[in-house]
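Participant: Input sequences plus hints: build the corresponding full structure.
In case you want the letters, here they are:
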Amino acid sequence: STRVIAGIKGKFAEPTINNPNSGFLIPNVILPMTCNTKYKPGFPSDKGIAMSNKLETLLTDATDLMELCLIPGKVAWVLYLDVVCINDDGNVMDAAVLALSAALNNTWLPATKIIEETGRVVLDPDGGKKRLELNFIPISVTLSVFDDKTLPDPTEDEEDIEDGTITCCLDNENNIRALWSSAIITDDVISAALVYVKKRASVLLSVLKKVSKPS
Amino acid sequence: SSGINAEYGYIEMGNTKLIAAVYGPKEILRREEFSLKGKVNCEFKFMPFSRAHYCEPRQNFEEKMISKCICDAMEGVILLEKFPKALVDISVQVIQDDGSALALALTAASVALINANIEVKDLVVGTTLRYFENSDVLVDPTAEEEHGPFSKFTGGAGFHLAVLPSLSQISYLKQTGKIEQSQARDCIETCWETCLRLATGIKNLLQESIDSDAPR
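So the protein sequences, as listed, match chains A and B. With our numbering as the guide, the letters of the first sequence map in order to residues 1 to 215. With our numbering as the guide, the letters of the second sequence map in order to residues 1 to 216.
Hints listed in this document are in silico derivations from the structure and should not be mistaken for laboratory results. Just to be clear, a hint being listed does not mean it is correct.
If you only want the chain B side, here are some residues facing chain A, beta carbon under 8 Å, derived [what the hints assert, rightly or not]:
no., residue
1, 43
2, 45
3, 47
4, 57
5, 60
6, 93
7, 95
Everything numeric in this text was worked out from a predicted model, so none of it was measured. Ideal Cβ placement from N, Cα and C applies to all residues, glycine included.
Facilitator: Okay, here's the thing in C-alpha cells:
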C-alpha cells in the first residue's frame with residue numbers, strides 16, 4: 001500500500017558556466033509527515049535526500065540535456081522531477097522510480113520562441129508540443145537482505161528488521177543502470193537477485209507502457 | 001502500522017484534490033512545561049506540481065499562514081482538555097490546487113480527526129466565496145476565479161468561512177478586499193448555506209463508513 005505521486009514542472013533558468021549548452025533535471029523525493037508516523041514535520045528528511053541523490057545518479061544520461069537548452073549560455077529548461085510519498089509502507093524507491101519514469105515518459109515540452117527585440121524566450125502557444133526524448137526508461141527493483149536470503153519488495157515492517165537492501169535499476173533493454181547494496185553478501189546472492197530483478201523489471205515495464213499516452 | 005493512531009481524510013472538489021493526515025494524540029517528547037490542554041500542530045503544503053507555477057519544497061509564507069489558520073480552527077474544535085501533555089499532528093498536502101484549498105483543507109482535516117476518533121465538538125465544513133462589484137457571486141471558485149490577477153476576476157471581495165454545522169457556529173472567517181456591510185452579511189449567509197449542504201453530504205459519508213466498518 002505504498003503510494004507515491006510524481007509530477008514534473010518546467011521552468012526557465014540560466015545554464016551553468018561549466019555546461020552552457022545543458023538544461024537540468026532536478027529530481028526531488030519528498031517524504032512528508034503524511035506518509036508515515038516515523039517522519040517528523042519539517043523538510044527535508046534524510047531518507048528523502050538519499051533517494052533524491054540516487055535518482056540523480058540514475059538519471060544522469062536519461063535524456064539529452066543539450067536538447068533542453070534553448071539559448072546556449074542564457075536560457076535552458078530546468079525540469080523539476082518531484083516525487084511525493086502519500087503513504088510509506090516500505091519500498092518507496094521502486095514506487096518513486098516507476099512513477100517518475102511514467103511521468104518522464106509522458107512529458108511534453110511546449111514550444112518556445114525568442115522575442116527578437118528583447119532576446120527573451122517565451123512559450124509559443126501555436127507551436128505545439130514536443131515529447132521529451134528519453135534515452136532509456138529506468139525501472140528499480142529492491143530486495144531486502146536477511147542473512148543470506150533475499151526478500152523482494154519489502155514492506156515497512158520488513159524494512160525495519162532487515163539486515164540490508166539491494167536496489168538494482170535496469171532499463172528497458174535490460175542493461176543495469178545502477179546497483180546499490182547496503183548489506184554484507186556473497187556473489188551468489190547478487191547473481192540470484194539479478195535473475196529475479198530481470199523478471200520483475202519486465203513486469204513493471206509492461207505496467208508503465210500501459211499508462212503511456214501516445215500523444 | 002505500529003500502534004500509533006493515524007487517519008486520513010481525502011477530498012476532491014472540482015479539480016482540487018488534497019489529503020489530510022492526522023497523527024495522535026501522541027506524547028510530547030520534549031520536556032516542556034506541563035500543560036493541562038493538549039496541543040495541535042499543523043503543516044500545510046502545496047505539492048510542487050499542484051499549482052500552475054512550481055512550488056518550492058520548503059514552506060513559503062502563504063503556506064505557513066494557512067497552516068496557522070488550520071491550527072487555530074482545529075484548536076477551537078478539538079476537546080484539548082481530554083488529552084493533556086499530548087500532541088495532535090495534522091498534515092495537509094495539496095495534490096492539485098484549483099481554488100478553495102484552505103476551505104477544503106479545513107474540511108479534510110476535520111474529517112481526518114473524526115476518523116482518528118479524536119474528540120471534537122463538531123464537524124468543520126469550509127467554503128470560499130468570491131464577490132464582485134457587479135453583484136456576481138461565485139461559490140467555491142476555481143484557481144483562476146479565486147486569484148486571477150490576469151483574468152477578468154479582479155476587484156470585489158473574497159470570503160473564507162468555516163462552519164460548525166450542528167452547533168451553528170463559525171469556526172473560521174476571513175474576508176479580503178472591499179465590500180459593503182449589507183452585502184457582506186448576504187455573502188456570509190450564502191457561505192453558511194453552502195456549508196450546511198456540504199455538511200449533510202459529509203455526515204452521510206461518515207455514517208456509511210462507520211456502518212461498513214462495524215463488526216457483524
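Participant: At a threshold of 8 Å, is the proposed contact between residue 95 of chain B and chain A supported by beta-carbon distances?
Facilitator: holds (6 Å)
Participant: The hint names residue 93 of chain B as touching chain A; please verify it with the least Cβ-Cβ distance against 8 Å.
Facilitator: holds (5 Å)
Participant: Hey, does the residue 45 of chain B contact hint survive, CB to chain A under 8 Å?
Facilitator: With a closest approach of 7 Å, the residue 45 of chain B hint holds.
Participant: So, residue 60 of chain B near chain A? Judge it on the closest CB pair being under 8 Å.
Facilitator: violated (12 Å)
Participant: Is the hint on residue 43 of chain B kept, meaning its closest Cβ partner in chain A is under 8 Å away?
Facilitator: Because about 5 Å separates residue 43 of chain B from the closest Cβ in chain A, which is inside the 8 Å limit, the hint holds.
Participant: Return the status of the interface hint for residue 47 of chain B: holds when the least beta-carbon distance to chain A is below 8 Å, violated otherwise.
Facilitator: Holds: closest Cβ of chain A sits about 5 Å from residue 47 of chain B, inside 8 Å.
Participant: Can you verify the interface hint for residue 57 of chain B: is its Cβ closer than 8 Å to any Cβ in chain A?
Facilitator: Constraint on residue 57 of chain B satisfied, holds at 6 Å.
Hint violations for this structure: number 5 only, all remaining hints satisfied.
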